[in-house]
Every structure is written in C-alpha cells, then in structure tokens.
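For chain R, the structure is supplied; the task is to place chains C, D and G on it using the hints.
For the protein sequence lines, the chains are R, C, D and G, in the order given. If you read the first sequence in numbering that gives the first Met the number 0, its first letter stands for residue 0, the second for the next number, and so on. If you read the second sequence in numbering that gives the first Met the number 0, its first letter stands for residue 0, the second for the next number, and so on. If you read the third sequence in numbering that gives the first Met the number 0, its first letter stands for residue 0, the second for the next number, and so on. If you read the fourth sequence in numbering that gives the first Met the number 0, its first letter stands for residue 0, the second for the next number, and so on.
Since the hints were made in silico from the structure, they are not lab data. It should be emphasised that the depicted structure is a prediction, and the values quoted were computed from it without experimental measurement. Positions of the beta carbon are idealized from the N, C-alpha and C atoms, including for glycine. Honestly, I wouldn't trust all of these hints.
Stated by the list, open to error - Lysine-lysine pairs mimicking DSSO-like chemistry, simulated, CA-CA at most 30 Å apart:
1. K216/D <-> K139/G
2. K250/D <-> K261/C
3. K261/R <-> K250/D
4. K139/D <-> K368/D
What the hints assert, rightly or not - Away from chain R, derived, C-beta distances all over 12 Å, residues of chain C:
5. R30
6. S31
7. E45
8. W51
9. K52
10. I55
11. D58
12. D61
13. T95
14. K104
15. E212
16. D224
17. D295
Said to hold, decoys possible - Partner residues aside, some chain C positions facing chain R, computed with beta carbon under 7 Å:
18. W165
19. E203
20. V206
21. I227
22. G233
23. E260
24. G262
4 protein chains.
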Amino acid sequence: MGRTHSNGYKRVPNFFPDLEYTPVLKAVCSRSEEKVKAFAEQWGYESYETDWKALIARDDIDAVDICTPNNMHKEIAIAAAAAGKMVLCEKPLSRTLEEGEEMVKAIEEYGVKNTVWYNYRRLPAVTLAKQIVDSGKLGKIFHYRSNFLQDWTINENLPQGGRAFWRMDAEAAGSGVTGDLLAHCIDLAMWLNGGIKDVSSVTETFVKERVHEETGKLQEVKIDDACIFHCHFGNGSLGLFESTRYARGHKALFTFEINGEKGSLKWDLHDLNRLDFFNNADESTVRGWKSIHVTDGDQPYMDKWWVPGLTIGYEHSFVHQVADFLKSVEAGEDCHPTFRDAYETQKVCEAVLLSAKNRTWEETQVDWKNK
Amino acid sequence: MGRTHSNGYKRVPNFFPDLEYTPVLKAVCSRSEEKVKAFAEQWGYESYETDWKALIARDDIDAVDICTPNNMHKEIAIAAAAAGKMVLCEKPLSRTLEEGEEMVKAIEEYGVKNTVWYNYRRLPAVTLAKQIVDSGKLGKIFHYRSNFLQDWTINENLPQGGRAFWRMDAEAAGSGVTGDLLAHCIDLAMWLNGGIKDVSSVTETFVKERVHEETGKLQEVKIDDACIFHCHFGNGSLGLFESTRYARGHKALFTFEINGEKGSLKWDLHDLNRLDFFNNADESTVRGWKSIHVTDGDQPYMDKWWVPGLTIGYEHSFVHQVADFLKSVEAGEDCHPTFRDAYETQKVCEAVLLSAKNRTWEETQVDWKNK
Amino acid sequence: MGRTHSNGYKRVPNFFPDLEYTPVLKAVCSRSEEKVKAFAEQWGYESYETDWKALIARDDIDAVDICTPNNMHKEIAIAAAAAGKMVLCEKPLSRTLEEGEEMVKAIEEYGVKNTVWYNYRRLPAVTLAKQIVDSGKLGKIFHYRSNFLQDWTINENLPQGGRAFWRMDAEAAGSGVTGDLLAHCIDLAMWLNGGIKDVSSVTETFVKERVHEETGKLQEVKIDDACIFHCHFGNGSLGLFESTRYARGHKALFTFEINGEKGSLKWDLHDLNRLDFFNNADESTVRGWKSIHVTDGDQPYMDKWWVPGLTIGYEHSFVHQVADFLKSVEAGEDCHPTFRDAYETQKVCEAVLLSAKNRTWEETQVDWKNK
Amino acid sequence: MGRTHSNGYKRVPNFFPDLEYTPVLKAVCSRSEEKVKAFAEQWGYESYETDWKALIARDDIDAVDICTPNNMHKEIAIAAAAAGKMVLCEKPLSRTLEEGEEMVKAIEEYGVKNTVWYNYRRLPAVTLAKQIVDSGKLGKIFHYRSNFLQDWTINENLPQGGRAFWRMDAEAAGSGVTGDLLAHCIDLAMWLNGGIKDVSSVTETFVKERVHEETGKLQEVKIDDACIFHCHFGNGSLGLFESTRYARGHKALFTFEINGEKGSLKWDLHDLNRLDFFNNADESTVRGWKSIHVTDGDQPYMDKWWVPGLTIGYEHSFVHQVADFLKSVEAGEDCHPTFRDAYETQKVCEAVLLSAKNRTWEETQVDWKNK
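If we strip away everything but chain R, and leave its shape as in the complex, we get (with noise of 0.2 Å):
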C-alpha cells in the first residue's frame, strides 16, 4: 500500500497541474531502518523516521497517511489527529466498531480534514456509476449485489501473521474478507444505494489452523476465509453480497450490479475502464447492455489521462484520490468517505460478523447522509 499512495502523491502534480497544493513527500515511517531508508530513496522522500511517534511530533508534516496493519489505525490516528495533522487512513478504518468510534470522536474532536482509502470510488467507470445513479435513470432501486471474489489463501501451508500474512491474522486484520475486501464492497454499496438496514449472513474459515509466522506454531485462524450476506437497504431495495479467498480462477474480481425499475449497471475490477449500462428507455427491439469503455475525456478523470480507448489501471484512482484531497483542502470542504462514513461502513461490518456469530438478522444502526 505505501507503494500505491507514495505514486498517487508523486503523480498528481504531473496529471492534475491546476490544483493549488502539492504533496511534498517529507518522510516515510517504517520499523525497520534497512528497509524504509531504501523505501524513501526509490521514492524520493526527503527523509525517514522509523518510530511513528517521531513522525507525528515533526513540525513539517501536515498530513499522516497510514498504511499499516489494521490493529495500528486507531492509536496512529489520534495522535495525529492530537497532533493537528490532516489524517489519510487507509481501508477498513478500524478492526472493531469500538475502536472506529473512538477514531471518529477524535477525528471530529480536533477537527483535521480526513479521507478514508477507499479508493474504488475514484475509478472513471464507478464514478460514472454514481453520476447515472444521481441522474435517476436507473428510477426506483430494486437490487444490488456485489462481489469480491479472490483464491489466494487456498494453500493450506501458507501461514498466517508476519509481514507478507498479517491479513490472516485475527489479532493484526481485525476480521477476514469482511474488513478486507466486503469493506469496499459496502462503502461503493452505500455511496451508490445509500444506507443498510440489516443483514443477515453466514461466515466460513476453511481452512482452520496455519502456522503463526511469530509462533512458528500451529494456530487456530480466527478470520473468515469467505462471508456472505444478504440485507435491506433503507430505499426498500434487496442486498446480496459475497466475498471469499477461495473462489478459484478469481484474483481480485471486485462486482457490483444495480437493478432500478428504469435501468441496470454492472461493474467488474477486472476490466476497470468498461460499465455495463442497460436502459430500458431504448427503442424495445435493440435495448440491450451497453458496454461503455470510459476513457474519453468527457468522462470522470479522463480529461486528464489519454486519447480515449487508450485505458488507465488500478493505481489511478489513488492518483484521483490525492487529487480530490488536494481540492478539498482547497474548498474547505469534507473529502468523502471521511472517518465517519468509514465509521458506518464499520457498522454494517459489525453487524456481518455478529450476525454470522450468532445466526440472526441483525440491525446495523447505520445513519448514511448520502454525499
């Protein structure tokens, strides 16, 4: 991750020339001296700390993005936060509803402008998604459904823990799939239909112990391999989501799908720069799906990239994400998701794994202000 945003912050300045800030990258923050010396020089960061709390306490840092293991956000956040420093936090916010609380009153308690990396948001094709959505030609919402399906941890000699498996590890992710990968699911879910209601689900750990890389010891994994879940929105509309590491031929297949009474949208990682778009407004006998490839320059970003047909990747909507931070700042004006939408992104994740706990349908309590 601190590969995917030290780039966003080192190319917006290059694709983005008309934003009034700049990120000037002072220092990076790692434990191991070896490696975040080598890190700053491919970089190009003026300088390296190697404990977090010198880092904070630096009067030329005006903004901490953090990047480490779930189980650090909350402590790294409020002091930063404490510190008066602009706070980037990358995905799920917090391992529990508890500590994202916490994060969030601090946040809002100091008053720093604060994003929340998630990210996908920020691709040309999802953005499009929102503006389709925003325009009301999709009308009444009666569906949604979403996907992240990888097979990475099949294996069952990988280990959990350490530096390279830590997602693997209940006590440094927090949870499995569900913060990991069902997060986005759920932030992109309630950016485009608005707030979950409650949900009722079902959690799997296939494979039940691997090795610790601390212990070397064989240990029982305490995340969830794959979770699904189906919910209400508030909007009246049903909720199918699904994640899993164990769907074979899937690397980072991120879906999502909306059906409205007027339209449909589909969406796929996979193939980031197309949306599937079905209009019932056409003419019956050649209503179809459009599979629109958004790369022209009348499409979100686009201007700012390459003649259309020629796509951009991944990386870019970290690179959209700095730049729409910059501008924030710039208008003084909150940069979505902020803490507190992650925080009901938190919600709807507590009540997943609840849910799945106890074989119940359980309310979220989510407050979604639909921005």
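Below, chains C, D and G without anything else, positioned relative to chain R:
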C-alpha cells in the same frame, strides 16, 4: 410448456433413431375444446380430451405428461399413477412439501416410471459440467452460487391469475420465484454439488397489490417477487442463490458457478452452448478461464445434432429429456430427476420460504443421493 | 444437409400454424438404397427414390430440394425446372459462373419458383441487422468486414473426396472455402450493404497433397484452404473478407461487422442470438456497444418460439426459410435469395478466385438489386 | 506523446529500483516558450529549450527523445546521432522509406544507442504472446490478422494540419493510418511472426477535402483514412491487416490474432491486460479459448506492479520501454526495436502505399531478424 414438450416427443425419433421406443402423440387434454382441438391439429395429436380424468381412463395411454399450473399436479399425478400410467410432471413437483410427499408416496406405491422436467440438466454444457465435477477435476468444493434473474413483472399494471399470469397467483403457483425459478437452481445445485443442509433466506414482494384476472379486483400479491438465500451444502461448501423478476435487463439469466480447490466452472442460460472452466492444473503463466463452445461430437448429446460450432437452443433440453426417459424405460432404470429427487428440491424450497417468513436459519432435512 | 432441410419442413407446421401451405414429405432420393430407406423411415418420408430422374418424373412432387454436392446442382435443377417443379437449391448455386448462368437462364425460362439456401439471413439477429441497416440508423457506410473461420482440415492425414470429404475435392466442390464459406459471407454482405464492385484476393492451399478417397492415391489438393479478399462496394464502402479451415480454435466462426457514420453492427454465429449495436446517437458519456439478446416477441421470428431470454439455434434458420418460402408461394412473390441473387454472389466468388490466380484486381460485374 | 514519455522516465526509478542507470530530466524542448516552460515545470524538467539545435549542442544531454511530428524525425535524429547522443524516436521512424534509410545509415555510422517507440511490445499480455510463440506452443503458423480501428475523424468538419490535426496533413505525417496505426500492427506482426514478404492493399480517403489549419483553406486531404492489406509472411502464413479512423464505435481497437497448427492467440488494446489462448493440446472435451488475465508476478513485467488481478494501463508500456532501454545500456546490447528494425517496418508501409496506388502486389524486400 405444452409446445416444448410436444416438440420434444416429435423430434426424438428424427434425432435419436436408435431408441427402442417411439413416442406416439395419442391425445392432448385441456379444458377449452376450441383451444385443445386447434392444438391437437397443429401438433399432430391423434385425439384430444377436455377432461383429464377421461384421458387417464383411456387404455391406449401409456404415459401422462402434466403441464398444468402447479395446483393441479398432485391430483392428476396420483390418479395417473393409480391408473398405472407412467408420469412426467412439470416442475416444481408441487405447491407445498405436503403435496409433494403425497405424490412421491403414491408414485412409489404404484411403482410407475416417473420423472420431473428439470430440463436444464440435459443441456450439453450443463451435462459436461456434471462430468467435470464427477471426474474430480475441481477437487474439494468451497463455493456454489446460482442466479435466475428476470425482469418481466416490473410493470405494476400487470395482473395476477388467469391463463397468462397464474405464476403470480399464490393459489395456482404455490410460490413465486422460489418454486418457478429457484427450484431449477436448486435441482442443478444438488445434482452438481450434493444436498443442501440448511438455509437462511429473505424474500420480497415489490408490488404489493395487483388486479386479479378472475375477480377483477385489486388483491394482495402473495407470491415472492424475489428470493435470496445462502446455505451450507453437505460437503461443507457455502451456497448462494438469488432469483427475481425485477432485475431490469435480464430476461432469463440462469447462471451457476462452482469453485473448487483445483478448478472452477461457470455457465449461463443466455449463452447456453458455452461452459467456462478454470483449471488450476494449467501451467501458471497461461492459466485462465476457458470458454468451451460445447458443440463437438464428443461432448454430451452433440453427436445427435450438427457439425462443430453450430449451436442448439433451449428447446433441445426437452428433446434430450424425452430421449433419456425412453432410454430409461428400455433399460428398466430410473429417469432422474424422479419424483423423489424433485421432492428433495421441494424440501429446500419449503425451508427457504419458512426461513424468509421466520427470519431464521432452517434445516432442510434433505436426503440427497447423488445421481 | 438432408437433416437440416427435413427438420425445416417438419417443424414449420408446428411453429408457423398460420401458413396456407404445408410441406408434405413425399419422397427422399439418394443413390444408396439402404441409406435412403433408413433415412426415409427416420424422417417420415412417404417414399424414396435412388434415381433423381425418377423423382423428378413423379407427378406427386411439387418441389425439389437439392442437397447434393455442388457438381450435381446444375443438372438436377434444370431438369426439375423443366419438369415444372419448384426448386430449392443448396448453396453455392454452382461450381462455376458458367454453370450458374445456365441455371438462372433455365429457371427463369421455365418460370418456376426458386430459392437458394443462404439460410443465415433468417437468423433473428441477422434479420434484425437488416432492419437496422434499412432504417438508416447506421447512416453512410464506410466499412464492412466478415470472416468465416474453421479449423477442421488442419490434420494433413484427412483425405479428399468421397461422401465425407467431397468439400475438399475440386471436382465435386468447385472451390474450397470460397464457395463453401465465403459465399455465405458475400450473400449477407450484399444483402446488408449492396453490390460488390471489384475485388483483390489471395488464396492458399496449406496441405498440397491428400489421399483421394476414390483413387486411394495421394493427389494434388486443388481447392483453396484459405481465401482473403478486400473490395469496394457500390456504395463506396470498403469490404474485407476472410475464410479458412486452418484457424485453430474456431469451429464455425462466421462474423460480420458494419461501420457507418451513425452506428455500427457486429454479429457472430457462435452466439447467434446476439447482435451488437453501437448507436452514435446515444448520449456521449454513456455510449457503448449494446449486446442485444434477440429473443423477444417483437424481434424477427421470435414470436413463434419461446419467452424472452430463451434461445434458438442453427437449425431454426432453415425452419424460417421454409416458412418464408411457403409465404412467398402464398403471396405469389419471389423468395430471396433466388437463383438470380445467388448467381450475383457467384460472380463475386468467380472474381475472387480469378484475382487470386492472376494477382490482379477484378471487376465483378455484379448487378445487385437490394432485396 | 511528451506526457507519456515523461511519465515513463519519472516512474522507472520507483518501479524498477534495481536498474543501474536513472533517467534525469535535464531539458525539454518545444517551439513555444510559454508552453514548454509550463510543461517543464509540470513535469520537473531542470531546464527547457525552444530550439532543438541548442538542446543537442548541450554537453549535459546524453539522450534525445524525439516526439515531434514525423516530418522532423530525420533531421533531429541525424543531428543528435552526429552529436553522439543516444536517440529514442517516436514511430513511425519516418515519412518515407528514403528518409528512414538515411536515418538508419546515420545512426549506425555514428554508433549511438537507439530505439523506436513501438511501445505495445512491452505490454505484459503482448510480451507473454511473444513468449508463447517462441516456445513453439502454436506450432506452424497459418494465419496472422491485425486491426487498428478508430472513429475520431468521421466528422467532416474537422480540419487538417496544425498542432492538433497534423496527423491528417500528409506533409507533416507522411501518410495517414498506414504510418500512424498500421505501423504498430506491422511491428508486432513481424516481431511475433517474422518478416512480411509481399503485400496487396487498398486505401481510401472518405473525406476528400478539409480546411487546412495553416492556410484556412479547403484543401485536398492527401492521407489515407483507411488502409487494408493482405500479405504473405516469410514463414508461409497469410496476413491480413486493416486500419481506419472511420469505424464507428471503436476508439483505439488495436487487435491481433495468430492461428497455428497447435494453438492460437488473440489480444486487443481495449482490454490490454488479457491474452486469449487456445491450446489444442488440451483434452478435447474441455478445449476452449482461455482468457488469461496477465496480472500475476510470474507474468512479464508484473512483478514490478500490484498483486494479482490488479491491472495496469496504456502508459505502462512506455515505462517498460524506458526500463528495457536502460537495461540495454547497462548490458551493452541493442534495445529492440532499433532504427533498423523500424526501418524494416517502414519497408512494409512503403510497399503497402505503393500497392494501393498501383493496384498491384508489391514485394517488401524486408530483411527481418527475429529479435
């Protein structure tokens, strides 16, 4: 349905010339004399009846094929079995589990040959999927998901009941998408992946009232417009099912996908001659989803049709089921899915509807023999 | 081909009940008595013949359908016409332009109803393409391209000649892919986009010698294994055509694409129920290729078949041509493509073969009436 | 093009940290001081020039990258080589074969390192295609086909000439789609399938006159709007190429397909992370086109980017070419395509334009070393 079945009987002798038995269209039965007479002429039936009891009473009838609305299945099936006729029954077997139980009991007591028209098993790509699963090429299964998405009832001015809209009338149909569409998904799922153990579901009726064709009055719609459920299979895999008639842009998008340790399969009805197969045993740098165009002579059923590349359609699944039924008569074996198989599917439907009503997980009590 | 045609005749009364005329399968003819007898039984022909002249001499025969290898087309067609029979002839019309000319002359002199089995015109998606072109929705046309790619003759051990491989014997077939496959491409192209004016081509025979089934000897292969040509259409657009039996992975990939000022269309035989349409009149930010699943009742021919979303296959194109032929008899109109239409296609084939031989551009002399 | 190249230089140190050399952006040059100054600031160039001769005269410049319209390539390249600079030149190498010949002669005489920006070779899916071809997995090749379809010049009110439309001005561009788009197709084709021996082509200029930006007058359009050619490769396979700017609905649809005895490959630029591969060695009942999502660490270049499933875009091909150029400097080897390689491509372009003019087959005289 009368047309698809009649077409099945008529085409089998042309395309399956090696069968010992040949269907003879002795009689067709329907309440309206005018309509049934015209139909008999159009399709070459030797005679017609307007009273199904008269039909069953005839000595020259060996087999009775039931294509009525669901509320007539039980009575006709039991009477036909009692008369010693072979019985072929449209799906779903029955409106309720109780009805289904009586039907299975009767059909087995009378010992007559029977089958239920879960026709999609007999599409070449679906049968090929079964062969791949049975070969062990997918390994241990983690996930199964299946959809059946339509959009034909979004218009709130459509009525319920009557000849054209009986599927929206709970009295005639028993349920909405659960019995009509999910039953197909469940039949294939258990055929491919074994019994479903427990389910957690949600249903929705988006249009609450519609004029009833028989009363002319606005009445409550009692069927499910949409149904979603997740479940555990007996083999430990997670299942996910969704059906709706409110997915704008999808006419009859029946899909399934299976993810196993060693490989995955995907299929959809809109391109029914294709099967997508991901084989993890392929060399890593050139691994990908294979789009298999199932039209070669060494693929299921395709030696009966055209040269490679030339497709068949929906109706051929019925031709194949007729041919397989005749073969099973010849061989003195069961023709799956039998009434008993279909009754197991009925158990899942019942549990799904109950789960939706009670907002609980429900055990299905399915006793599936993998056939 | 005997099966597809027979199937066409038998199914029309079931699916097109409103036609005035009904095909009656009076007799089938083939040289081998054993085979023709079996075929007659399998398909329900009232009688059979082993001498086509005997067939034509019968008074109870109104129409003769020619499904022989190409070297028999001329003699039978002219004799049948002379006997006052309606003539339906498989494509290509003839081996050579000279043969074709004689056939057209005879058929028109005797004034008998006639048609040639360029069956693909009658697929719903293709007929819809014709309607879109004729509506002017594409505007001025710039480009037309079409392929017919197969891979069945790559094996150099396949023979030439005989019942199964007559298409690889120049004496029986006249030419290779040009007459067999490109003829289909050309027929559709001129139907959709008007006459082809001149051509420049190249052909290749990859396997130079194959054992001949009749002589048992290794003999020079004289047909074209592959043929490519570009051309000018009368309307000023450029055309591009390619056919081969050496395109590994393609079984019968017949495609066409038309690019006009206002829109474009694409189609392929492997997914024959779909038509892709790009409409430049769509709002610019949501423009894209529409995938039209041509299975609705208001789309060509589909009111005769199943509910929306349920597909038909290859063989249905023949059913539709039979139905249209019967309608044309009823209406006293020509059933296109007539022998004359097919003769115009033959002119293009001839020019293509000549161009390949001489490495020159060749004028076609096509006189196309857009019908 | 200045942006894609600049981006390439700037990103290489971040993503290819192991390279010995690092690009330093010493100076950028353009005629307009205002524009070049802004560009230098935006991209972090240390200085700027408005006279390219001044640039070449500087001692602190090691390499010159030429991104001008084609009519300036020759003069600058030769001067830069004479000054001992490494030269990187945009494609096509030159407007005419004669110009190209002078350039190759000079660059080789002066012995300076050189490359031409046929960037698409460096897309991971395309490089993977090269590896598959070279591995022998396709066997003997029968067919190669490639398109480059755009639609941006259909509007007849677009001008020719000037900064934005120099590609439509024959004086500046040399040719139309042949040099601009087909040159890319030809470079990949010969890289993947060896030299092209002879060609037969047709070109068309659909809009005959356009206002010239410099004169303000309606003038004849002298470039080719569309060009089609077929050809023989040295290995005996047939080639087919088409390019146009009048294919409504296609923005930059660059595609290629290779058909060999044992397998086939397909690729297109709109989904540039995918490669489709048909492997005839697969078991016959499950054979099909594999859609390879080329985003894994063991696939070309992808160890430098993100985790599997996360895509890169168009611009990355330039980053890769910069990295490969630096590696070749390190290794003291040629960086293909060199000026000489690009000159061979130029021979094909020249033969294509000549063939179109004379309506003849033309030999190319290509002397291709497969590198």
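Chain R contact restraint on W165/C - CB to CB distance below 7 Å: Violated: closest Cβ of chain R sits about 23 Å from W165/C, beyond 7 Å.
Nearest-CB test (12 Å) between chain R and D61/C: D61/C is indeed farther than 12 Å from all Cβ atoms of chain R, at 45 Å.
Given as non-interface: R30/C, partner chain R, CB spacing beyond 12 Å: The claim holds: R30/C sits with its nearest Cβ about 33 Å from chain R, beyond 12 Å.
Proposed proximity, K250/D with K261/R (alpha carbon, max 30 Å): 39 Å, violated
Claimed clearance of chain R by I55/C, with the beta carbon kept past 12 Å: 43 Å, holds
Assertion that D58/C lies outside the chain R interface [Cβ separation over 12 Å]: Check passes; 50 Å lies beyond 12 Å.
No chain R beta carbon within 12 Å of D224/C's: 8 Å, violated
Hint check: 7 Å Cβ-Cβ cutoff, E203/C to chain R: Hint holds; E203/C Cβ to chain R Cβ min 5 Å, cut 7 Å.
Hinted pair K139/D and K368/D, Cα distance within 30 Å: 18 Å, holds
Restraint check for K216/D with K139/G, where alpha carbons must lie at most 30 Å apart: Distance of about 26 Å is within 30 Å: holds.
Beyond 12 Å from each Cβ of chain R, as asserted for E45/C: 40 Å, holds
Whether S31/C stays farther than 12 Å from all C-beta atoms of chain R, as the label says: 31 Å, holds
Taken one by one, the earlier hints fail for this structure at numbers 3, 16, 18, 20, 22, listed in ascending order.
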